[in-house]
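Colleague: Listed below are the residues making up each chain.
Protein chains: 4
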Amino acid sequence: MHIGLIGASGRLGTLVCENLVQQKLTFTKIAREDLQNIPSFMQLLQHVSESMIILDISLPVGTENICNIINNLEEKNLKQIKGLVIGTTGHNDRQKQLLLSTSQKIPICMVSNFSKGVYLFEEILKAKTSQGLTVTELARALGFDMAMTEIHHTLKKDAPSGTAITLAEAGKIPAKQISSVRVGKVVGDHSIHLSADSESLEIKHTAHARKLFAEGAIELCKNIYTQAPKPGFLRKEDFFIS
Amino acid sequence: MHIGLIGASGRLGTLVCENLVQQKLTFTKIAREDLQNIPSFMQLLQHVSESMIILDISLPVGTENICNIINNLEEKNLKQIKGLVIGTTGHNDRQKQLLLSTSQKIPICMVSNFSKGVYLFEEILKAKTSQGLTVTELARALGFDMAMTEIHHTLKKDAPSGTAITLAEAGKIPAKQISSVRVGKVVGDHSIHLSADSESLEIKHTAHARKLFAEGAIELCKNIYTQAPKPGFLRKEDFFIS
Amino acid sequence: MHIGLIGASGRLGTLVCENLVQQKLTFTKIAREDLQNIPSFMQLLQHVSESMIILDISLPVGTENICNIINNLEEKNLKQIKGLVIGTTGHNDRQKQLLLSTSQKIPICMVSNFSKGVYLFEEILKAKTSQGLTVTELARALGFDMAMTEIHHTLKKDAPSGTAITLAEAGKIPAKQISSVRVGKVVGDHSIHLSADSESLEIKHTAHARKLFAEGAIELCKNIYTQAPKPGFLRKEDFFIS
Amino acid sequence: MHIGLIGASGRLGTLVCENLVQQKLTFTKIAREDLQNIPSFMQLLQHVSESMIILDISLPVGTENICNIINNLEEKNLKQIKGLVIGTTGHNDRQKQLLLSTSQKIPICMVSNFSKGVYLFEEILKAKTSQGLTVTELARALGFDMAMTEIHHTLKKDAPSGTAITLAEAGKIPAKQISSVRVGKVVGDHSIHLSADSESLEIKHTAHARKLFAEGAIELCKNIYTQAPKPGFLRKEDFFIS
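Residue numbers (the UniProt record's numbering), protein chains in the order written: chain A, 1 to 242; chain B, 1 to 242; chain C, 1 to 242; chain D, 1 to 242.
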């Protein structure tokens, strides 16, 4: 497997490169100019003898560019691309439309957080209990009220975090019940507080180092490469485990 | 509904009585001598005009005595007893056999912890995620290792707690991975620690006051009374929610 | 010791009464009408043969009324009152002036939170480390940034809590770094998060049951009664420990 | 400042080297053979033109070797060594004796944990509160009982951890009140639980990444270098802050 990396110069991109080197995986950094037209992309593709997964952790415009390239590649070249993993969020309607058409050509997997623990957290909230209710529904039926706190470093600009929003959706927690704390160098803590009379439950995820997001992204690429799914939108649920 | 309470003088029993008074529910304390033979029990039953749920929070021998009584009651008297809720553990084989025969006469519900939060905790660990794995199985498949800590007051004699053992079974956590702490006046904390590379998840239940166990026991009795199930062993899952 | 209780009908007042009964301590509920003038108060005082501590957990106006009474009591009647403990906050300037003059007649102790753990928490933040810095100053000098989260039940109206404000002052945490969560039935959680590069410290207080505030108030009254200090404003630090 | 590093090939040593390179600090790895005799050490010293701090994170025998060298260096060569920082524990009596004689020649600082947060934690437990009691003594006087849990990865062999032992001493927590959990990849969690009736306090330190120990060690060397203390045993308290 060869990784084509869009967004290599970003914070996550730098960590992905470091990790790919450590794992001795071959990869190519795909710059904006490589995506300008088919010839530029073909020039880059020439140097890659293996089949590849493209990992896009840039910005929505990066997603747009790679989709435009893929939609216009010749069949024989398209065969070399085994999947597109997108860790970018905030695509506009045109870009979403473009993703839809591209998904008919290659498998696409969209993931807002590459941490396995956050994925597990989301699965917990939506998991089915013995009576058919989800965990979240059972908690409410038993009289538990729910709220969330999320803590990140002081340089984080958005609040609440994207992960908090995803988890709140899974747990049916209203937006006003999410509290954001910005302090020091915290990589990422997300806690759901469940409270009933005289008892409480807390489910808490702690990201200890940013590199786990890089490792998660690479493992997802590997799993998709190995399982070689057909074109279409992939459920991330099917590829988080090898 | 009338509650027949076996074990009224114990720590939990005292709280149950207080709570029954607060809720203005009628109840009868059933002492050991009331269970000695049918006539003694009938004498006690005479004063109860309503149909009743029997709540046994005594010791295994209490369970044995009430089962012997029930098995020998005349049909018309048996009708008055709508269910038997047992919060006692540690029954021997003969007592289990007795429970089996009694369950053919009245509905029996056996519960090791009357807290709704502990019940939710257990359900979480066994809930089915989107791919068909349980939460516990998914955690392991994603590379998370699991351990438990439980903290109780210094007067608690057994370690690990019965609840810890139940949760460890639900989470397939080996006994040697349960750590018990005995400190101060802690009512009951149970935490499951999930650890993978650079991230961790913790699920923690805190019992803030012992009265929640009394309230949970009474609510379970009410739910069984209302739903009026047929004789047999009841799944506690079906009666924790009203 | 006899307790004169102002504010007996409030939430905390009810618990104080329950606890006084449990501890077999004698007490008198002092109503608003008892404080209208000296004769009404004297009528009430007649029935109390012991010397007493007055515990005011009403509203600022209650504090005002008792101060007016005390300031106008005859010397021989004043002797019966060994101290005034005030758990009310939000006094206006006139009321503060009144407290000052009253403190020349009897010992007064003002406490915003009757929990021993919150008192310990505050002491921790202000304690002197080996080099002469306070804990808070040392934390900052070592590069730790600080923030606070406080969690209370959904019926609590003020945010942040008075306790959070007191702790934030002790820890020199700016008001905007306090996050308030209102969920379920939480009695009161206060956490200070200290974050530096790749490590964090958390100091967390949990109030498990409201009765601890009642117990703390009564114990403070007892300690003042036993130590019999001179008139003046007492430091709560001197009376939290018996 | 130049760092002379003993124990460069160990787990912590590797991280120290990485960090020294990142900080563009010059350093020399001192191997066992460099410490065999004065000529070997002088050969190594020749290549170092700056004055240096020696950081020993090897084993007790490494400490022994460097002490023997220092005790036998000529005065003019000794001047080049500004201090010895030792992160090794478990020295025997002979080695302790040797350290004592060496401390008459150069400043020596012995530290069992290079994390600033653990240092802060220890200082908290021993800090003086307003009445003259330490935090630990005040907690006990207020009725709080104390216990500790420490969690580390499954490859850690010793239990309880050295840090747990240090903190337990500072908090006067008996050894049997320390619970050790070994799970997954946890870098290092240490929690002290304080419990009293209906309330609890928890003080918890989390090490998120092993590199913080490397950074702490280097910063300590820098602070000693800058402050240039006289020979003798240094209090780590005086050099954790720049």
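Hints are computed from structural coordinates only; laboratory data are not their basis.
None of these values were measured; they are calculated from a predicted model.
Backbone N, C-alpha and C define an ideal beta-carbon position, used for all residues, glycine too.
Errors might be hidden in some of the hints.
Said to hold, decoys possible - Straight-line alpha carbon distances no greater than 35 Å define the calculated DSBU-like cross-link-like pairs of lysine-lysine that follow:
hint : chain 1 : residue 1 : chain 2 : residue 2
1    : A       : K211      : D       : K156
2    : A       : K128      : A       : K24
3    : C       : K204      : D       : K230
As the list claims (entries may be wrong) - A few chain A residues that don't get close to chain D, going by computed Cβ distances all over 12 Å:
hint : residue
4    : K96
5    : K156
6    : V186
7    : D189
Unchecked claim - Just the calculated beta-carbon pair ranges, DEER-fashion:
hint : chain 1 : residue 1 : chain 2 : residue 2 : range
8    : C       : R210      : D       : A141      : 41 to 51 Å
9    : B       : P174      : A       : V61       : 27 to 37 Å
10   : C       : D238      : B       : P174      : 22 to 32 Å
11   : D       : N37       : B       : P174      : 46 to 56 Å
12   : D       : D158      : C       : K157      : 46 to 56 Å
Colleague: Okay, which hints does this one fail, numbers in order?
Modeller: 2, 3, 6, 7, 8, 9 and 10
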